[in-house]
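Visitor: Chain by chain, the residues run as shown.
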Amino acid sequence: MLRYLTRRLFSLVVTLWLVSVLIFLALQVIPGDPAQVVLGLQANPETLAKLREQMGLNRPPLVRYLDWLGGAVQGDFGRSLNYGVPVAGLIWSKLSVSAPLAGLAMLLTLTIALPLGVYAAAHHRNWGDYGTMLFSQGGLAVPSFWAGILLMILFSVKLHWLPSGGFTDWSKGTLLSLKSLLLPALSLSLVQAAVITRMTRSAMLEVLHEDYVTTARSKGLSERVVVYKHALKNAFISVVTLLGLQSGQLLAGAIIVEAVFHLPGMGALVLRSINQRDLPMVQGIVLFIAAVIVVVNFLVDLVYGYLDPRIRYD
Amino acid sequence: MTEARRGRPLKNANLVVGTVLVVGVLLSALLSLAYTPYNPTKMGRDRLQPPSQAHPFGTDQFGRDTFSRVLKGSTNSLLVGTIAVGIGLVCGVLVGALSGYFGGWLDEVLMRVADVIYGFPAILMAILITSILGHGIQNSMIAIGLSNVPVFARLTRGSFLSLKQRGFVSAARALGRSPWGIVGRHILPNSLSPLLIQASSSFAIAILAEAALSYLGLGTQPPQPSWGSMLLEAQALLNRTLWPALFPGLAIAVAVLGFNVLGDGLRDALDPRVRERG
Chain A
1220 MLRYLTRRLF SLVVTLWLVS VLIFLALQVI PGDPAQVVLG LQANPETLAK LREQMGLNRP
1280 PLVRYLDWLG GAVQGDFGRS LNYGVPVAGL IWSKLSVSAP LAGLAMLLTL TIALPLGVYA
1340 AAHHRNWGDY GTMLFSQGGL AVPSFWAGIL LMILFSVKLH WLPSGGFTDW SKGTLLSLKS
1400 LLLPALSLSL VQAAVITRMT RSAMLEVLHE DYVTTARSKG LSERVVVYKH ALKNAFISVV
1460 TLLGLQSGQL LAGAIIVEAV FHLPGMGALV LRSINQRDLP MVQGIVLFIA AVIVVVNFLV
1520 DLVYGYLDPR IRYD
Chain B
30 MTEARRGRPL KNANLVVGTV LVVGVLLSAL LSLAYTPYNP TKMGRDRLQP PSQAHPFGTD
90 QFGRDTFSRV LKGSTNSLLV GTIAVGIGLV CGVLVGALSG YFGGWLDEVL MRVADVIYGF
150 PAILMAILIT SILGHGIQNS MIAIGLSNVP VFARLTRGSF LSLKQRGFVS AARALGRSPW
210 GIVGRHILPN SLSPLLIQAS SSFAIAILAE AALSYLGLGT QPPQPSWGSM LLEAQALLNR
270 TLWPALFPGL AIAVAVLGFN VLGDGLRDAL DPRVRERG
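Here the protein sequences line up with chains A and B, keeping their order.
With positions in the first sequence counted from 1, the corresponding number in our numbering is that position plus 1219.
With positions in the second sequence counted from 1, the corresponding number in our numbering is that position plus 29.
Just so you know, these hints were derived from the structure itself, not from any lab.
All clues given are correct.
Among the chain A residues that face chain B by a calculated CB cut under 10 Å, a handful are: (1) Q1356; (2) A1360; (3) V1361; (4) F1364; (5) G1367; (6) L1369; (7) A1471; (8) N1494; (9) I1512; (10) V1513.
We treat Cβ as the ideally placed atom computed from N, Cα and C, and that holds for glycine.
Build the full structure now, drawing on both the sequences and the hints.
Guide: Pasting the structure below:
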């Protein structure tokens, strides 16, 4: 176990390092001068040169990269050019919107997808199965931002139940904040649910053909116990893997959905920072998202052992 | 096997439905090149009209005919899809072939980088790349194309690794064929079907990504009609009319559904392993 853990941790670090190199290289190519961004187009050349010196832009790229990496390892992503505050703090503050959004979306996804997937598998090649697959194909085809607009039409424009955008801060009451996150989370989860439903269904189908399920059936256990207790637990292993892989898609989808509903989260921040050439901000956010994805997948690997005792880590 | 197939009439329905939808989108794109009922970028006096005989999908806030714009938008989506999948396929096959055929440290490095890119959400990649290269349709093609490279590279590498060991490849090598001859004659033709299946799914993802980029204002620039930017404009009008928000979204869904279902159908038809299972 320990050996496996060290090996996985090592590959995690290597991956993150590679990501940092790619991000840094990619953003070096962006045309535009960060010092100019801070001072504006009318700045006089002397102040510009001074600031460039101050920001360390005259140093060779390798030195700047090492400097940035050294800071990032310690949780210091530098200062935002636009806001003048530390990048890490800004990301952290935006997480109060983006993290609950992703969490709520994940929760809704599982609530929709697990029962549907299990139902479809239990009614294999029946109308219920075909209906579920139809829903799933539809969900895969509908872009999250269109789903958001449609939900907005129904629940805000027509029914006036939920706000059509914006975020009510947590200090004004948890319920109000959750209310402003509900539609965005729902539009995000419809697409995710389509993927997870398919996966749950095929994982369940595979498991339902195994010998131990036949044994459980011939023991006289009710179909409900066989499906939900015996089969689901094993099918869940493949579903968990997919959830890990989908975490990246979820974060990326959140960027778009935040734009649809005008939520002041990380998505809005990254889009604005890109438009304003706020290099340290963009680097920080992208590295942060990449780190979340890599760490989630690492955790998923560890959860395996718990879910499937046959898996040994050596 | 024939019996198993007869028992599942819906299996091949995927191929039929997918082909019909994709051909439908292709035809409307071809049609829009030659003819649209109105000029898709010309403003008119009938603003925000609901669907009618004259304007089957209604009109937008500038009085432009939504049907013509949706029709024209299909060329935009298909163009981005074709170029993006093309970039992904060519670069991916090249990288995968190098990796799978030569192995060793080259394989190690290439696949590590591919893994990193693969784990990174395509949309975020595309946002990042368009922000580097600048907004616009060409750059979204390149961006979506580049984010497609790892999946094709992985597939090609996989087929190369398994085919490299096969008897007919060893025989060709023993007969003294050059590496390029072996790859071109024996390995590549045998890796085509997984690539074809993936190309269809990737096309669907590319259409979604293009729509998302245009919706965020990073892709196709107005006044050129793109399904994504049409939805962005429509969202601002929701309090006055709903129609402009419906049809472009529907068009995206139909096109994506078509390529996804076609991909499933191709898999059923070409991948022998799938036929066994339900």
